[in-house]
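Engineer: Here's the letter readout for the chains.
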Amino acid sequence: MKKAVQINVNGTTRETEVEPRLLLVHYLRDVLGLTGTHVGCETSLCGACTVTVDGQAVKSCTMFAVQADGSNITTIEGLAHDGELHPVQEGFWERHGLQCGYCTPGMIMAAAQLLERNHAPTREEIRHGLEGNLCRCTGYQHIVEAVEYASKAVNREP
Amino acid sequence: MARYVGQRVKRTEDPRLIKGLAHYVDDIRLPDTLHVAFVRSIYAHARINGVDAGEALKAPGVVAIFTGKDVSEKIGPVPCASALPELKVPDHRVLATDKVYFVGHPIAAVVAADAYAARDAAELLMIDYEELPAVVNAEEAAQGGAVIHEQFGSNVAYKLTAGEGDIVAALASADRRIKQRIINQRLAPVAMEPRGVLARYLPGEQELTVWSSTQIPHLLRTQLALMIGIPENKLRVITPEVGGGFGSKLNVYAEEALLGWISMQLGRPAKWIETRRENMQATIHGRGQVGEIEIGCKADGTVTGLRYNVVADLGAYHQLLTPAIPTLTGLMLSGAYKIPAIQINVTGVFTNKMATDAYRGAGRPEATYVVERAIDLVAAELGLDPVAVRRRNFPAPEEFPFKTATGLFYDSGNYEGALAKALENAGYERLREEQRAAREQGRIVGIGVSTYVEICALGPSQAMPAGGWESATVRIEPTGTVTVLTGASPHGQGQETSFAQLAADELGVDMGDVTVVHGDTAIVQYGIGTFGSRATAVGGTAVFVAIEKLKEKASKIAAHMLGTDAVNVVFAEGVFSIKETKKAAAAAGDGKAADADSDEVPEPVVPVGEGPAGALPEPETEGRKKVSIQEVALAAHLARELPPDTEPGLSATYFFEPKNFTFPFGTHIAVVEIDRETGEVKFQRYVAVDDCGRVINPMLVDGQVQGGIVQSIGQALYEEVVYDEQGQLITGTLMDYAVPRAKMIPWFELDRTETPTDVNPLGVKGVGEAGTIGATPAIVNAVVDALSPFGVRHIDMPIRPEAVWRIINSSDE
Chain G
135 MKKAVQINVN GTTRETEVEP RLLLVHYLRD VLGLTGTHVG CETSLCGACT VTVDGQAVKS
195 CTMFAVQADG SNITTIEGLA HDGELHPVQE GFWERHGLQC GYCTPGMIMA AAQLLERNHA
255 PTREEIRHGL EGNLCRCTGY QHIVEAVEYA SKAVNREP
Chain C
199 MARYVGQRVK RTEDPRLIKG LAHYVDDIRL PDTLHVAFVR SIYAHARING VDAGEALKAP
259 GVVAIFTGKD VSEKIGPVPC ASALPELKVP DHRVLATDKV YFVGHPIAAV VAADAYAARD
319 AAELLMIDYE ELPAVVNAEE AAQGGAVIHE QFGSNVAYKL TAGEGDIVAA LASADRRIKQ
379 RIINQRLAPV AMEPRGVLAR YLPGEQELTV WSSTQIPHLL RTQLALMIGI PENKLRVITP
439 EVGGGFGSKL NVYAEEALLG WISMQLGRPA KWIETRRENM QATIHGRGQV GEIEIGCKAD
499 GTVTGLRYNV VADLGAYHQL LTPAIPTLTG LMLSGAYKIP AIQINVTGVF TNKMATDAYR
559 GAGRPEATYV VERAIDLVAA ELGLDPVAVR RRNFPAPEEF PFKTATGLFY DSGNYEGALA
619 KALENAGYER LREEQRAARE QGRIVGIGVS TYVEICALGP SQAMPAGGWE SATVRIEPTG
679 TVTVLTGASP HGQGQETSFA QLAADELGVD MGDVTVVHGD TAIVQYGIGT FGSRATAVGG
739 TAVFVAIEKL KEKASKIAAH MLGTDAVNVV FAEGVFSIKE TKKAAAAAGD GKAADADSDE
799 VPEPVVPVGE GPAGALPEPE TEGRKKVSIQ EVALAAHLAR ELPPDTEPGL SATYFFEPKN
859 FTFPFGTHIA VVEIDRETGE VKFQRYVAVD DCGRVINPML VDGQVQGGIV QSIGQALYEE
919 VVYDEQGQLI TGTLMDYAVP RAKMIPWFEL DRTETPTDVN PLGVKGVGEA GTIGATPAIV
979 NAVVDALSPF GVRHIDMPIR PEAVWRIINS SDE
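For the record, the sequence lines run as chains G and C.
Position in the first sequence (from 1) plus 134 gives the number in this note's numbering.
Position in the second sequence (from 1) plus 198 gives the number in this note's numbering.
To be clear, the hints were calculated from the coordinates, so they are not data collected in a lab.
Incorrect hints may have been included.
[Said to hold, decoys possible] Going by beta-carbon spacing under 10 Å, a handful of chain C positions derived as facing chain G: (1) Gly218; (2) Leu219; (3) Arg227; (4) Asp312; (5) Val388; (6) Asn477; (7) Gly692; (8) Asp900; (9) Pro938; (10) Arg939; (11) Gly969.
Built from N, CA and C at the ideal position, the CB exists for glycine as well.
Kindly generate the complete structure, drawing on both the sequences and the hints.
Structural biologist: Here is the structure:
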């Protein structure tokens, strides 16, 4: 019944046997113990569970772990490198882009992916790019400012 | 002096949150944990003729199944803390027994080895329902028809009349009387983290720990102890990271008691994490008022009286504060105005729906919406500018404390100040000109103003069901770091930062040396919690006064260390020093010449990590004129040479009881344009000036206001909990319930005025709900203003494009 999968998460390849119906988000949270990825709606509407799969932002509650077999996944825990925050993480901290923090990992992952596609998004483009992610606390304005901050930081990098 | 207070200090909470390393309830993993899934009613109203768990019990991984019959004698009812005269309180058991009363009403708890197994087994439970007529419409329910709780004979839970002044005479004396039917639709709070509970009973120690996503850990502990029947001192409630509450977690829920009880029965940890669908069905809703306004005014716009007859849709059961919410509406019906006579007549009605309760603002957004719509109705009736009517009825700054006809004393205010600033920031006159020009071009543009006042810092204990004070303990540890324990329970508001700012400034230490601890009843002294915009105004004040007490003691010890009396010692920037008077200098120096280095204060006293642990060195104070508060803390803990009758240690606890509420206020201005083809409302501008008294961290205040406004936008334009005529929940997921997304939101132009309060020594009023209270009417007023050429004086929320389109297309303008 269980199926063997080989998934690289945050730079480490893991081989695990999983139930075919196991959701990717539960694989990350319950099998690997990476609880930074959150579940907010189970219907792929809130975006709290956003991770990147082979560089694409994916809502990990809409994907089975077996579908991720052979892929490279980055979760919020893998975004900072060598203790240095990703510019989007930095932006969220600098610009008060979070309050309760529950949507934040998914929001940050989606924003990081947005900046991969578009290094200098306008405010409208940021809002459009984050449309798949709900935040109930901030009212989004500080999130937009956080992504603007990150965008400037990314563009300063060589 | 203030290094931190008043600054845009980055949050100390954030590093763990942005790295995904924080722990919400579902992130806490205990070995051997069982998982619980609930079987919930699929009908709004039905008799249960039987529950057959036979198949489910055989399912893989299932450990136990509990039904209403198993627990109804074992666990006490879900509590309601509201005490209103002749209030009808149904017996609210944690699981349904004979009847179910709303879609989502829990019937059975399935306990299994993992969450997937629990949900699989829950599908196998056979419930024999006999469907009964559903009571869905609150107004009809008040009139008669099917009765939900038969023992009461009707669906009316209570009737209440409040307000002062002769309303009949006041309305009779008016030049004009305007009536308007008005609806505050049901809303869902939708905290991004659904509820969740983890319970662990240790049979040896006989201790139960409950981790719950709640806003009120201590109140929850007391209530759970009573419900489950465990001594309160054997029950520990921990609120780890809480992913938003907005009032929905200011409650005591059936699931919290059940999980604790289940863990006690099975001797293993038990966890339940609410799904979003459960959250929409069985976490409290907010608002739910259908009413009629009657307002009387003179020809110049002076309001003579306001009456609000309202039917409150309470749902099937009372949760913690359900019946009390409309009473808050009554309290705030004077708004920011001098209204000589006010009356509210509330009929609280049971319906076959989830309970309504405190959702951000909790009764005050309803009141503000009523009053601010009413003022605009007066303006429209008299052909006056809405701003002029507001100014006509404001109390002047010198009239504070201002007594309302609802029995409140507004502490302080300068309503004209905030209004004038907002009008200037918006360029109001120019906006009106632009509107005229736009109308000539056939565009549909509206400007809406709301000059709100709200009631915060809840509140004096006299007015609260379970205490309105808040507590704090502040201590300085032997190595000089500061620990602040607050009875408030922040869950996104940022008090780990703002209280650290306050403590660091008051103690003259670095913010990095301060840790704020909350949300664990085994660590923190009893507290009330975070709701009602109270945490900083009440809880922050407790921190402030506790520090004052701590410094008083420290000052005596410092004086002893310096060889003088406390009266000769002053405290500034973390250092106690001898006052520069001849007498004091003589006393301290004892005639000897002071050491050249005696002014230097070593810091930190015990360099953590820089030397071997072991016996701590006594601070060397011989011949010195100054001593740091950390040195005093060390001396206080070593306690070898304390002044006579001095307790060792350096810690102070304070329970602050406020003498009044606070009344923040402000002006919100929305500018909208309506798409003629689609009826869609689009924002052009949003300008707000809020006054929440003294500000500790402007960045956090902005965040509170912005988030609040977006929840207002949700109510005004998008959100509504919809039940169909059978009581089925139509808006059961986030696909159907329209929480605003980033693209729907305008750029907010925020500003502030600062009118302090004398209700607390910090001068802080509170800001958590301002945006949700002030913004809704500004938006609706703007839409009505836009549609006024079509003869519109009012439109109900949420203002859906279809309704607007129909107005545009059924009128000849």
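Engineer: Which earlier hints turn out false for this structure, listed by number in ascending order?
Structural biologist: No hint contradicted; all consistent.
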